[in-house]
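With this note's numbering applied, the sequence shown covers 1 to 293.
Derived by calculation from the structure, the hints in this document are not laboratory data.
Here the structure is a predicted model, which is why all the values come from computation and not from measurement.
Honestly, I wouldn't trust all of these hints.
Cross-link-like lysine-lysine pairs, in silico, DSBU-like; alpha carbons within 35 Å at most [to be verified]: (1) K175 / K115; (2) K44 / K174; (3) K255 / K175; (4) K255 / K174; (5) K177 / K115; (6) K109 / K174; (7) K185 / K115; (8) K185 / K175.
Derived DEER-like restraints, expressed as beta-carbon distance ranges [claimed, not checked]: (9) L260 / K140: 26 to 34 Å; (10) S84 / G8: 17 to 25 Å; (11) W287 / K175: 49 to 57 Å; (12) Y116 / L212: 46 to 54 Å; (13) G224 / K174: 39 to 47 Å.
The beta carbon of each residue, even a glycine, is placed where N, CA and C say it ideally should be.
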Amino acid sequence: MEQSAPWGMLVVVYLFLGGLGAGAYLTAYGAEKGYFGTIPGLAKAGYLISAPAVAIGCVLLVFDLGQGLLKPWLIPGMLMNLSSVMTWGFVILSLFVVVATLHLYLHWKNIEAPKYLLSLGAFLAIATAVYTGFLLSVIKAVPLWNNHLIPLIFLASAMSTGLSASMLLAHYLKKVKVETTKVDKAHFYIIAAESILLFVFLAMAISGFKGLVAQQSAQNIIIGSLAPFFWIIFFLIGLIAPLAIFAHNTFRENKLSHNLVLSGDIAVVLGGFSLRYLIIAAAIPAWSGTLLM
Numbered sequence: 001m002e003q004s005a006p007w008g009m010l011v012v013v014y015l016f017l018g019g020l021g022a023g024a025y026l027t028a029y030g031a032e033k034g035y036f037g038t039i040p041g042l043a044k045a046g047y048l049i050s051a052p053a054v055a056i057g058c059v060l061l062v063f064d065l066g067q068g069l070l071k072p073w074l075i076p077g078m079l080m081n082l083s084s085v086m087t088w089g090f091v092i093l094s095l096f097v098v099v100a101t102l103h104l105y106l107h108w109k110n111i112e113a114p115k116y117l118l119s120l121g122a123f124l125a126i127a128t129a130v131y132t133g134f135l136l137s138v139i140k141a142v143p144l145w146n147n148h149l150i151p152l153i154f155l156a157s158a159m160s161t162g163l164s165a166s167m168l169l170a171h172y173l174k175k176v177k178v179e180t181t182k183v184d185k186a187h188f189y190i191i192a193a194e195s196i197l198l199f200v201f202l203a204m205a206i207s208g209f210k211g212l213v214a215q216q217s218a219q220n221i222i223i224g225s226l227a228p229f230f231w232i233i234f235f236l237i238g239l240i241a242p243l244a245i246f247a248h249n250t251f252r253e254n255k256l257s258h259n260l261v262l263s264g265d266i267a268v269v270l271g272g273f274s275l276r277y278l279i280i281a282a283a284i285p286a287w288s289g290t291l292l293m
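Using the sequences and the hints, build the whole thing.
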């Protein structure tokens with residue numbers, strides 16, 4: 001029996017934008033540190049994406065989970081509950097938006113930012129990416145989500161989507177073909193790590209290790225109603241295709257065309273959104289009566 005997901009599309013968009021923005025900042029951080037070689041506009045692209053993406057996602061989260069459009073008077077109380085996971089998340093995300101916005105301003109004005117500010121932003125970016133997964137993992141009422149691997153999966157996905165989105169925007173800003181070997185290598189290892197974590201996550205669920213309700217959720221993803229979306233959109237297009245592209249450029253001397261690599265970046269962004277959609281859409285609450293069917 002199919003069950004409806006406990007949360008809707010606004011949460012999917014929030015999870016995606018939160019991870020995208022955090023990953024974009026980490027990309028800018030890496031670019032400023034020289035981890036990706038010399039790629040014109042990459043740091044600026046990362047800063048341009050980071051704060052707006054997380055800010056928009058944060059607003060969506062508050063209005064969806066807090067019923068902001070229907071009951072706006074509930075928002076202050078919801079955000080002042082210091083024992084709430086959402087309150088702490090809102091604090092982390094708000095601090096990140098402030099720091100990322102300040103760093104964007106300094107970068108735009110060609111003012112060198114203090115090293116502590118760059119490091120603080122990187123710390124908050126990691127915390128933001130992890131939080132988007134932690135928000136789900138602490139919900140015991142949804143067995144599929146109640147897994148400590150989700151924050152790690154979302155962190156890896158945030159790093160890959162943020163890097164891809166930043167590369168795409170940098171290409172648009174500068175319109176030059178550059179050497180991307182270091183970026184491709186970083187991308188390959190990040191996506192490979194994400195793939196391993198996701199495999200273990202699904203294996204735990206499908207084996208029944210996380211209970212029968214989580215098992216049914218995993219079955220819905222792999223062989224159920226979500227299977228076509230999972231295998232075609234996420235697995236083939238969003239995961240395997242970019243993994244193959246970045247693996248080729250990492251281990252082979254003859255590099256693929258710049259446009260093909262950019263298509264891999266587009267696929268990564270699609271895969272990042274698809275991953276969050278699948279995890280939200282496949283969720284079945286423990287109280288759904290599934291065990292009685």
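Kindly indicate which numbered hints from before are broken by the structure, ordering the numbers from low to high. 9
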